[in-house]
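Peer 1: The chain contents come next:
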Amino acid sequence: MIYLRLFWEFFKTGLFAVGGGMATLPFLYDISDRTGWFTHAQLADMVAVSESTPGPIGVNMATYVGFLTGGVGGAAVATLGVIAPSIIVILIISAFLQKFRDNRYVNGAFYGLRPASTAMILAAGLLVVRAAFLPDGTLASLDWRLPVLAAALLALTNFVKETKKLHPIVFILGSAVVGVALRLAG
Amino acid sequence: MFAKLIELFLTFAKVGVMTFGGGYAMLPILQREVVENKGWASEEELTDYFAIGQCTPGVIAVNTATFIGRKSFGVVGGVVATLGVVFPSLVILSLLAGVITQFSELAWVKNAFAGIRVCVCVLIFNAVWKLGKKAVIDKWTWAIFLLVAAGAVFTKLSPVVFVLFAGVCGVVLRALPGAGGGKDGAAK
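Residue numbers (my numbering), protein chains in the order written: chain A, 1 to 186; chain B, 187 to 374.
There may be inaccurate statements among the hints.
[Claimed, not checked] Taking lysine-lysine and the DSS-like style, the derived pairs with C-alpha atoms no more than 30 Å apart in a straight line are:
| hint | chain 1 | residue 1 | chain 2 | residue 2 |
| --- | --- | --- | --- | --- |
| 1 | B | K257 | B | K190 |
| 2 | A | K164 | B | K319 |
| 3 | B | K224 | A | K165 |
| 4 | A | K164 | B | K320 |
These aren't lab readings, by the way, just hints derived from the structure by calculation.
Can you build the whole structure from these sequences, using the hints too?
Peer 2: Below you can see the structure in the form of structure tokens.
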């Protein structure tokens, strides 16, 4: 019954993740904690692969997790799960589009949802930070070169005019090369 | 009709292949394929769909595909366009996931991912920053942000709880006179 569970978990993710691709991240951590289908470290790798391959991130993550859990069938089921709520909700909304946009309850709900979504992605990001910087969970395992790489990437993606508009895949591939060249896994 | 649906599927499969990163990355490609090449939606309609796709549950790219498909070819069109946009992901990720799992024990792959994970942290931080600028706009949204952040870090509660809590908070705050940033408080 792994397929049924996969579908249900990703259906919930699709239904409650508001704000696009990264918004699925907190839900995936929740799935990881409850099911043990994949580890936190694997999840960080999935984000990288999902960002570096064609297609929407949220869908890519579902396909990846589904494949690791249940092969090709699992990939298909997880993907259908994550898109099913979208199809249902959008088909309903598109029937009365303008009313939905102007509804004050809808507006109010999203006024509250946006900061919550931001906060949840931040919290999930902290788990990625732990997986990335503290491989065995203690401060002693911190390799000083990793924060240096992070600072360089922050500068390149936000402040350096020539590079900040580049696609994320450039930085992901660049980081992979740096990782191999400096043997960052230790 | 059948030929039209095939065309719809293929067009959205093409959009799926050409979108790296989803969401915003998809907008210029949709403009070219759907508005200019096929004429299935106007520029204004596309912007509307995108805005709603962002604030409704689910993946933005999927939401937008469902909208356009439904508008042009009814409910079946909505389903076909959506399946089209996710089809490339399904094929590519299934292939890659198998390969990556097999090679994940190699030393150079481990080193590469050690570097990549650092990059992912930075990308997530940048996404949070960008979202936050539009979402955390006054004292009430700050309060929700801090409360949910603390809850997500320090408790094991399901994200569903936070989503429902924040949605209700938003409705209540907006209903209070003089609170919640006024009518135009929500960022567009």
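Peer 1: Taking the hints in turn, state whether each one holds.
Peer 2: Hints and how they fare:
1. Simply put, B:K257 and B:K190 have alpha-carbon atoms about 13 Å apart, close enough for the 30 Å limit, and the pair holds.
2. Of the supplied pair hints, the one linking A:K164 and B:K319 holds, its CA atoms being roughly 18 Å apart against a limit of 30 Å.
3. Distance hint between B:K224 and A:K165 is fulfilled; the C-alpha atoms sit about 29 Å from each other, no more than 30 Å.
4. Pair hint A:K164 plus B:K320 holds up; C-alpha atoms about 20 Å apart against a cutoff of 30 Å.
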